[in-house]
Amino acid sequence: MGKNVNLTCKVANLIFKNPVLTASGTFGYGVEYEKHLDLNKLGGFVVKGLSIKERSGNNPPRIVETPCGMLNAIGLQNIGVDRFLKEKLPKIAKFNTHIIANIYGTQIDEFLELAEKLNNAERISAIEVNVSCPNVRVGGMLFGKDPNMVFKLTSAIKKVSDKPIIIKLTPNVSDIVSIAKAAESAGADAVSLINTIAGMVIDVKSKKPVLFNKIGGLSGPAIYPVGVKMVYEVYHAVKIPVIGVGGIYSADIALQYMIAGAMLVEVGTANFVQPNITIEIIKGMEEYAKREGISNISDIIGSCCK
Amino acid sequence: MGKNVNLTCKVANLIFKNPVLTASGTFGYGVEYEKHLDLNKLGGFVVKGLSIKERSGNNPPRIVETPCGMLNAIGLQNIGVDRFLKEKLPKIAKFNTHIIANIYGTQIDEFLELAEKLNNAERISAIEVNVSCPNVRVGGMLFGKDPNMVFKLTSAIKKVSDKPIIIKLTPNVSDIVSIAKAAESAGADAVSLINTIAGMVIDVKSKKPVLFNKIGGLSGPAIYPVGVKMVYEVYHAVKIPVIGVGGIYSADIALQYMIAGAMLVEVGTANFVQPNITIEIIKGMEEYAKREGISNISDIIGSCCK
Amino acid sequence: MQLQIVSNKQVSKDTYLIKIDNPEVFDAYPGQFVMVRVNNYNYPLLRRPFSIYNLSNTIDLLYRKVGEGTSMLSLKKPGDSIDILGPLGNGFKIKSDKKLILIGGGIGIAPLCFLKKKIDERKMNCETYFGFNSKDEICVDYGNIATIDGSFGYKGNVVDMAIDKIEENSLIYACGPTIMLKKLALLCHEKKCNMEVSLESRMACGMGVCLGCAVETKNGMSLVCSDGPVFDYKDILWEKM
Amino acid sequence: MQLQIVSNKQVSKDTYLIKIDNPEVFDAYPGQFVMVRVNNYNYPLLRRPFSIYNLSNTIDLLYRKVGEGTSMLSLKKPGDSIDILGPLGNGFKIKSDKKLILIGGGIGIAPLCFLKKKIDERKMNCETYFGFNSKDEICVDYGNIATIDGSFGYKGNVVDMAIDKIEENSLIYACGPTIMLKKLALLCHEKKCNMEVSLESRMACGMGVCLGCAVETKNGMSLVCSDGPVFDYKDILWEKM
Ligand SMILES: Cc1cc2nc3c(=O)[nH]c(=O)nc-3n(C[C@H](O)[C@H](O)[C@H](O)COP(=O)(O)OP(=O)(O)OC[C@H]3O[C@@H](n4cnc5c(N)ncnc54)[C@H](O)[C@@H]3O)c2cc1C
Ligand SMILES: Cc1cc2nc3c(=O)[nH]c(=O)nc-3n(C[C@H](O)[C@H](O)[C@H](O)COP(=O)(O)OP(=O)(O)OC[C@H]3O[C@@H](n4cnc5c(N)ncnc54)[C@H](O)[C@@H]3O)c2cc1C
Ligand SMILES: Cc1cc2nc3c(=O)[nH]c(=O)nc-3n(C[C@H](O)[C@H](O)[C@H](O)COP(=O)(O)O)c2cc1C
Ligand SMILES: Cc1cc2nc3c(=O)[nH]c(=O)nc-3n(C[C@H](O)[C@H](O)[C@H](O)COP(=O)(O)O)c2cc1C
Ligand code: FES
Ligand code: FES
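Line order of the protein sequences matches chains A, B, C and D. Counting in my numbering, the first sequence runs from 1 upward without gaps. Counting in my numbering, the second sequence runs from 1 upward without gaps. Counting in my numbering, the third sequence runs from 1 upward without gaps. Counting in my numbering, the fourth sequence runs from 1 upward without gaps.
Worth flagging that the hints you see were computed from the coordinates, not collected in a lab. Some hints here could point you the wrong way.
[As the list claims (entries may be wrong)] In silico DSBU-like pairs for lysine-lysine, Cα to Cα no more than 30 Å straight-line:
(1) B:K17 <-> A:K290
(2) B:K214 <-> D:K9
(3) C:K9 <-> D:K234
(4) C:K19 <-> D:K76
(5) C:K76 <-> D:K65
(6) B:K145 <-> A:K239
(7) D:K218 <-> B:K208
(8) C:K234 <-> A:K214
(9) A:K290 <-> B:K205
(10) B:K239 <-> A:K214
(11) B:K214 <-> A:K283
(12) D:K77 <-> B:K53
(13) A:K290 <-> A:K91
(14) D:K183 <-> B:K207
(15) C:K191 <-> A:K205
(16) B:K214 <-> D:K77
(17) A:K208 <-> C:K182
(18) C:K165 <-> C:K155
(19) A:K53 <-> A:K91
(20) C:K155 <-> A:K208
(21) C:K65 <-> A:K205
(22) C:K65 <-> A:K208
(23) D:K77 <-> C:K77
(24) D:K77 <-> C:K19
(25) A:K10 <-> B:K53
(26) A:K145 <-> B:K181
(27) A:K152 <-> B:K145
(28) B:K17 <-> A:K205
(29) A:K53 <-> C:K218
(30) D:K76 <-> B:K214
(31) C:K165 <-> A:K214
(32) C:K76 <-> D:K77
(33) B:K208 <-> D:K182
(34) A:K208 <-> C:K240
(35) A:K205 <-> B:K145
(36) B:K205 <-> A:K207
(37) A:K145 <-> B:K239
[Said to hold, decoys possible] DEER-style ranges, computed between Cβ atoms:
(38) A:H36 <-> B:K283: 37 to 47 Å
(39) A:V31 <-> C:K218: 51 to 61 Å
(40) D:K240 <-> A:K290: 50 to 60 Å
Positions of the beta carbon are idealized from the N, C-alpha and C atoms, including for glycine.
Whole structure, please, built from the sequences with the hints as guidance.
Next up, the structure:
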C-alpha cells in the first residue's frame with residue numbers, strides 16, 4: 001500500500017494532476033467553492049457556460065427535483081465573456097489547476113468570437129464548446145444533434161483558436177457516435193459527454209409544467225448508466241480523448257466512466273449535494289488503484305472488455 | 001365527494017374501464033399476479049413481448065440496479081406466440097379487462113406472421129409493436145430509430161391485422177416526434193412511449209459490464225421526466241392517442257403523463273416493487289379527480305399549458 | 001458538516017422542532033438558513049433549505065412536514081447524525097431608528113423567532129404578529145396570533161390583524177406564503193414604510209452556483225440563496241411572483 | 001405485507017439477525033425466501049431477497065451487511081415497519097432414505113439453519129458443516145465449524161472438512177459462495193451422491209415475471225426465484241456459473 005499512485009492524465013498537450021474536473025454550470029466560477037475545498041487539488045474545473053453578452057437566463061422556477069436527479073432550465077444565465085475575463089478570471093488564476101472555459105453561442109459567429117476572446121487568456125487551458133444545451137431555444141440543440149453542423153462549427157473554431165477544443169455532446173440523439181466522429185474529423189482535441197437529458201415535470205394541481213421553461217435537462221445519479229454507455233461507445237469509435245460526465249457522485253461511478261473509456265471525468269450535480277465531493281472522489285480513486293495494484297490510473301482507461 | 005368519477009378512456013374502438021395498464025415484460029403473462037391483485041380492476045395488461053419462435057433470451061446477469069432505476073437485458077425471452085395462444089391465453093381469457101399482445105420480430109415478415117396469428121385470437125384487444133427493444137442486436141433498434149422503417153413496418157402490419165395497432169417507440173432518438181408521425185401516417189391506431197433508455201453499468205473490480213449483454217435498458221422512477229417530456233411533444237404533433245410509459249410509480253406520475261397528453265398509461269418496473277401498485281394508482285387517480293372536481297378523467301388528457 | 005441530532009419532536013400539527021448539536025464554530029444571523037441533507041445517500045437527492053429558528057448550544061430548526069424530505073426528517077431520532085451546510089445567505093438587518101414589526105405566516109415564523117430573540121438581546125422593542133390556519137398549527141407562545149378559522153386569537157389573516165399598527169416609520173420583517181407577502185408589499189407601498197422579506201425558492205446548491213433559485217428583481221435576476229433570502233421588498237418584482 | 005420489526009441485532013462481524021412480527025398467515029419451507037423492501041420509498045428501488053432463517057411467532061432473517069440496502073436494513077429499529085413479500089420460491093426437499101449433510105458457507109448458512117430445525121422436528125438426523133472466513137464471523141452455535149484462517153475449528157474451507165463424510169448415499173444441502181458450490185458439485189459427481197443447492201441471482205420481482213434472475217440449466221434458462229432458489233445440482237450448468 002506504500003507506493004504512490006500516479007493519477008496524472010493527458011489530454012491534448014495538457015497534463016492533469018488527476019482525472020477529476022468539475023462540470024460546467026455546477027461549480028460557478030470556482031471562487032464560490034473556495035471555502036469548501038482546496039481547488040489546487042482538482043484536475044481542473046470547467047466554468048459556467050459563457051456567451052458573448054451577459055444573459056439573464058430563464059424565468060423561475062428553474063429547477064425541480066426528480067428521483068435521484070433534477071431538472072434544470074437555467075437558460076445559460078452568465079455574466080458574459082468580457083466580465084468573466086475581467087472580474088472572475090483574475091480571482092481564480094492563482095489556483096494551480098486547469099481552468100477550462102465552457103462557451104455557448106446561438107450561431108457560429110458567436111462561438112468564434114468567444115473562442116477568439118479566450119485565446120488571449122493565458123490561464124484558460126482549453127475551451128469546452130457546449131453544442132448541446134437543451135434549455136435555449138435558438139441554436140444550441142440544432143448544432144448538437146446534427147453531425148454536419150458539429151463538423152462545421154468545430155472546424156471553424158479550430159481555425160481561430162490555439163487552445164485545445166473539447167466538444168460537449170448531447171445524449172438526446174439517435175447516434176452519438178456519428179456526432180463524436182464528426183467532431184473528431186473536424187479536428188476537435190477531445191469530446192465530453194453527456195450533457196443533460198431532456199425532461200419535464202408537471203404539477204398535477206395546476207396542470208402546468210413546474211419549470212417556467214417547461215422542459216429542462218435531467219442530471220444527477222439517475223443518468224449515470226446512460227453516460228457510461230455513451231462513453232463506452234464513443235471511446236471505441238474515436239481516437240481523441242473522451243471526457244465522461246453525467247451522474248458522477250462517487251469514486252465508483254467515476255471509475256466506471258474511466259473503465260468505459262473516459263480519460264477525464266467531470267462532476268456536476270453532486271457538487272450541490274456535497275461541495276467537497278470531488279476531493280472524496282480523488283481519494284477514492286487513489287484507494288482503488290492501491291487496492292487493485294494499479295500504479296498509473298490512466299492504465300484503466302477503456303479497459304472494459306479488453 | 002359523493003359523485004363517482006368516470007375513469008373510462010377510449011383508444012381506437014376500445015373502451016378501457018380506467019387508463020391504467022401494465023407494461024410489457026413487467027407483468028409476465030398476467031397469471032403470476034393473480035394472487036396480488038384483482039386483474040379485473042385493471043384497464044388492461046400488455047403481455048411479455050412475443051416472437052415467432054420461443055427465445056431463451058440473453059445469458060445472465062440480466063439485471064442490475066441503478067439509482068432509482070434498473071437496467072435489464074432480458075433479451076426478449078419468451079415462449080413464442082404459439083405456446084402463448086395455446087397455454088397462456090386461455091388462463092387469462094377469463095379476466096374482464098383488455099389483453100394487449102406485445103410483439104417483436106427481427107424482420108418485417110416476422111412481425112406480419114405474428115400479427116396474423118394474433119388476428120384470430122378473440123381475446124386479444126390490440127397489438128403493441130415493439131420496434132424499440134435495445135437488447136436484441138438484429139433488427140429491433142434499427143426499426144425504431146428510422147421513421148421510414150417505422151412507416152413501412154406499420155403499413156405492412158395494418159394490412160394484415162384487424163386489431164388496433166399500437167407502435168411502441170424508443171426514447172433513444174434525436175426526434176421522437178418524427179417517428180410518431182411516421183407511425184401515424186402509416187395508419188397506427190396509437191403510439192406508446194417510452195421504452196427503456198440504453199445504459200451500462202460496469203463492475204470496477206472485474207472491469208467488466210455487469211450485464212452479460214453489456215448494454216441494457218434503463219427503466220424505473222429515474223426516467224419518468226424523460227417519458228413525460230416525450231409524451232408532451234408527441235401529443236402536440238399527432239392526432240392518434242398516445243400511451244404513456246416510463247417510470248410510473250404513483251398516481252401523481254401517472255397523472256403527469258395524462259396531463260402531458262397520454263390517453264392511457266402503462267406501469268412497468270413499479271410492479272416488481274409493489275405488485276398491486278396499479279390498483280393503488282387507480283385509487284389515487286380517482287381521489288385526485290374527486291378532489292379537483294373532475295368528473296371524467298379523460299378531461300385532463302393533454303390539459304397541460306392549455 | 002455531520003452533526004448529531006439532540007432531539008426532534010412534533011410541536012404542533014405537522015410541525016416539528018429539531019435540535020442539532022452546535023459545534024463551537026457555528027454562528028449565524030437571523031434570516032440565514034442551512035441546507036440539510038436528509039439522508040446520507042442519494043435520496044432525496046437535493047438538500048432542503050431551512051431557516052435558523054434558534055441558535056444556542058444547539059442549532060434549532062422549526063419545520064413543517066409537507067413532502068417526502070420533511071417526512072423523512074421527522075422520523076430521525078436523537079443520536080442520528082445529519083449533514084448540514086451553512087449558515088448561508090444574508091439575514092435581516094436590525095435597525096434601531098424604526099418601529100420594528102415582525103409578521104409571520106405559518107412556518108414562516110421560524111426565522112422571525114430567531115430575529116425576535118436577537119432584538120430582545122439588544123434590549124430593543126418589536127411587535128410580533130403570527131398567523132396560522134387554525135389553533136392546532138400554533139407553535140409559538142408569544143405574540144399576537146391570528147387564525148384563519150378563528151379558533152384562536154384574531155379571526156382572519158395576519159396582515160389584516162397588523163394593518164392598523166403599520167406606520168410610515170415602521171420596518172416590517174416578514175416571512176410566509178407568497179400571497180401574504182404580496183399583500184404586505186402593497187400595504188408598505190401605500191403606507192410608505194419599509195419591509196425586509198425572507199423569500200423561498202427551489203434550491204439545489206444554496207450557495208450561488210447552480211443559479212436555480214433566481215427571483216426577478218428590479219436589478220435583474222437575483223439569487224434567493226446568496227443575494228437573499230432576505231430582500232428589501234422594494235427590489236422584488238411582485239407582479240412576477 | 002407491512003410488518004413490524006421486533007428486533008434487529010448484530011450477531012457477528014457484519015452479520016445481523018432481524019426478527020419480524022409473523023402474522024398468522026405466514027408459513028414457509030426451508031429454502032424459501034422473502035423479498036424485503038428496505039424503505040417505503042424509491043430508494044433503493046428493488047426489493048432484496050433473503051432466505052428464511054427461522055420461523056415462529058417471528059419471521060427471522062440472518063443477513064450480512066454487504067452494500068447499501070443491507071446497510072440501511074441494519075439501521076432499522078424495533079417498532080419500525082417493513083414490507084416483505086413472500087414466502088417465495090421452492091425449498092429443500094427432506095428425504096428420509098438418505099444420509100443428510102448440510103454444508104453452508106458464510107451467510108449461506110441462513111436457509112440451512114431453518115432446514116436443520118425442520119429436520120430436527122421430524123426427529124431425523126443430519127450432519128452440519130459451516131464455513132467462515134474467521135472466528136469473528138461465526139453466527140451459529142452448533143455444527144462442525146471451519147474457518148479459513150484457522151481461528152476456530154477446522155482450518156481451511158468447509159468442503160475439505162466435509163469431504164470424508166460424503167458417501168454415495170449422501171444427500172447434501174448446500175448454500176454459499178459459487179466457488180464453494182462448484183467444488184461441491186464436482187465432488188458429488190465423483191462420489192455419485194445427490195445435492196440440492198440454493199442459488200443466488202440478481203432479482204427484480206422475485207416472482208417469475210421479470211425474467212431477470214435466469215440461470216443456465218440443462219433444460220435451458222431457469223428462474224432462480226420461481227424454479228429455484230433450490231435446484232438439483234445435476235440440472236445446473238456449472239461451467240457457466
Ligand atoms: C431560504 C428558505 C428557508 C426555509 N425555511 C424553512 C423553515 O424554516 N421551515 C420549513 O418548514 N420550511 C422552510 N423552507 C421550505 C422548505 O425548504 C421546504 O418545505 C422543503 O424543502 C420541502 O421539502 P420536502 O421534501 O418535504 O417537499 P417536496 O415537495 O417533496 O420537495 C420537492 C422539492 O421541492 C423543494 N421545495 C418544496 N417546497 C419548497 C419550498 N417551500 N421552498 C423551497 N423549496 C421547496 C424541495 O426542497 C425539494 O427539492 C424554507 C425554504 C427556503 C428557500
Ligand atoms: C434467494 C436468495 C436468498 C438470499 N438469502 C440471503 C440471506 O439469507 N442472507 C443474506 O445476507 N443474503 C442473502 N442473499 C443475498 C442478498 O440478497 C444480498 O446480499 C443483498 O441483496 C445485497 O443488497 P445490498 O443492497 O446490501 O447490496 P448491493 O450490492 O448494494 O446491491 C445492489 C443490487 O444487487 C443485488 N445483489 C447484490 N448482491 C446480491 C446477491 N448476493 N444475491 C442477489 N442479489 C444481489 C441487490 O439485491 C441489489 O439489487 C440472498 C439472495 C438470494 C437471491
Ligand atoms: C444547474 C446546471 C447548470 C448547467 N449549466 C451548464 C452550462 O452552462 N454549460 C454546459 O455545457 N453544461 C451545463 N450543465 C450540464 C453539466 O455540466 C453536466 O453535463 C450535466 O449536469 C450532467 O452531469 P451531472 O449529472 O454530474 O450533473 C449544467 C447542469 C446543471 C445541473
Ligand atoms: C424486465 C423488463 C422487461 C421488458 N420487456 C419488454 C418487452 O418484452 N417488450 C416491450 O415492448 N417492452 C419491454 N420492457 C419495457 C417496458 O414495457 C417499459 O416500456 C419500460 O420498462 C419503461 O417503463 P417503466 O419505467 O415503468 O418500467 C421491459 C422492461 C423491463 C424492466
Ligand atoms: S440554490 Fe443554487 S444558486 Fe441558489
Ligand atoms: S426475479 Fe424476476 S423472474 Fe426471478
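Results of checking the hints against the structure:
Simply put, B:K17 and A:K290 have alpha-carbon atoms about 60 Å apart, too far for the 30 Å limit, and the pair is violated. Restraint check for B:K214 and D:K9: not satisfied, since their Cα atoms lie roughly 38 Å apart, outside the 30 Å limit. Straight-line distance between C-alpha atoms of C:K9 and D:K234 comes to about 58 Å, which puts the hinted pair past the 30 Å bound. Using a Cα cut-off of 30 Å, the hinted pair C:K19 and D:K76 holds, with the two alpha carbons roughly 22 Å apart.
Restraint check for C:K76 and D:K65: the C-alpha separation of about 21 Å stays at or below 30 Å, so the hint holds. In summary, the hint linking B:K145 to A:K239 is supported, as the alpha carbons are separated by about 26 Å, within the 30 Å threshold. A hinted pair counts as satisfied when its Cα atoms are at most 30 Å apart, and D:K218 with B:K208 qualifies at roughly 26 Å. Proposed proximity of C:K234 and A:K214 is supported: the alpha carbons are some 29 Å apart, at most 30 Å.
Under the criterion of a C-alpha separation no larger than 30 Å, the hint pairing A:K290 with B:K205 is consistent with the structure, at around 12 Å. At roughly 22 Å between alpha-carbon atoms, B:K239 and A:K214 fall within 30 Å of each other, so this suggested pair holds. Our distance criterion of 30 Å between C-alpha atoms is met by B:K214 and A:K283, whose separation comes to about 28 Å. With a C-alpha separation of about 51 Å, the suggested pairing of D:K77 with B:K53 is violated against the 30 Å cut-off.
Simply put, A:K290 and A:K91 have alpha-carbon atoms about 36 Å apart, too far for the 30 Å limit, and the pair is violated. The hinted pair formed by D:K183 and B:K207 meets the criterion: a straight-line CA distance of about 25 Å does not exceed 30 Å. A hinted pair counts as satisfied when its Cα atoms are at most 30 Å apart, and C:K191 with A:K205 does not qualify at roughly 36 Å. Between B:K214 and D:K77 the alpha-carbon distance is near 39 Å, which puts this suggested pair outside the 30 Å criterion.
Taking the CA atoms of A:K208 and C:K182, the gap is about 22 Å. The hint holds against a cut of 30 Å. A threshold of 30 Å between alpha carbons decides the hint, and for C:K165 with C:K155 the separation of about 17 Å falls inside it, so the pair holds. Only pairs whose Cα atoms come within 30 Å are accepted, and A:K53 paired with A:K91 is accepted, the gap being roughly 21 Å. Proposed proximity of C:K155 and A:K208 is contradicted: the alpha carbons are some 33 Å apart, above 30 Å.
The suggested pairing of C:K65 with A:K205 holds, with an alpha-carbon distance near 19 Å, which does not exceed 30 Å. Of the supplied pair hints, the one linking C:K65 and A:K208 holds, its CA atoms being roughly 24 Å apart against a limit of 30 Å. For the suggested pair D:K77 and C:K77, the alpha carbons sit about 11 Å apart, so the restraint of at most 30 Å is met. This hinted pair checks out: D:K77 and C:K19 have alpha carbons roughly 21 Å apart, not beyond 30 Å.
For the suggested pair A:K10 and B:K53, the alpha carbons sit about 51 Å apart, so the restraint of at most 30 Å is broken. In summary, the hint linking A:K145 to B:K181 is supported, as the alpha carbons are separated by about 19 Å, within the 30 Å threshold. As the CA atoms of A:K152 and B:K145 are separated by approximately 25 Å, the hinted pair is consistent with the 30 Å bound. With a CA separation close to 24 Å, the supplied pair B:K17 and A:K205 stays within the 30 Å bound.
Taken as a hint, the A:K53 and C:K218 pair is honoured in the structure, with Cα atoms around 19 Å apart against an allowance of 30 Å. Note on D:K76 and B:K214: the hinted pairing is violated, with a Cα-Cα distance of about 35 Å set against a maximum of 30 Å. Of the supplied pair hints, the one linking C:K165 and A:K214 is violated, its CA atoms being roughly 43 Å apart against a limit of 30 Å. Straight-line distance between C-alpha atoms of C:K76 and D:K77 comes to about 12 Å, which keeps the hinted pair within the 30 Å bound.
Pair hint B:K208 plus D:K182 holds up; C-alpha atoms about 22 Å apart against a cutoff of 30 Å. About 16 Å separates the Cα atoms of A:K208 and C:K240, which keeps this hinted pair within 30 Å; it holds. For the suggested pair A:K205 and B:K145, the alpha carbons sit about 35 Å apart, so the restraint of at most 30 Å is broken. Restraint check for B:K205 and A:K207: the C-alpha separation of about 47 Å exceeds 30 Å, so the hint is violated.
A threshold of 30 Å between alpha carbons decides the hint, and for A:K145 with B:K239 the separation of about 26 Å falls inside it, so the pair holds. The hinted range of 37 to 47 Å is satisfied by A:H36 and B:K283, whose Cβ atoms lie roughly 45 Å apart. At about 26 Å, the beta-carbon gap between A:V31 and C:K218 misses the expected band of 51 to 61 Å. The given range of 50 to 60 Å is broken by D:K240 and A:K290, whose C-beta atoms sit roughly 33 Å from each other.
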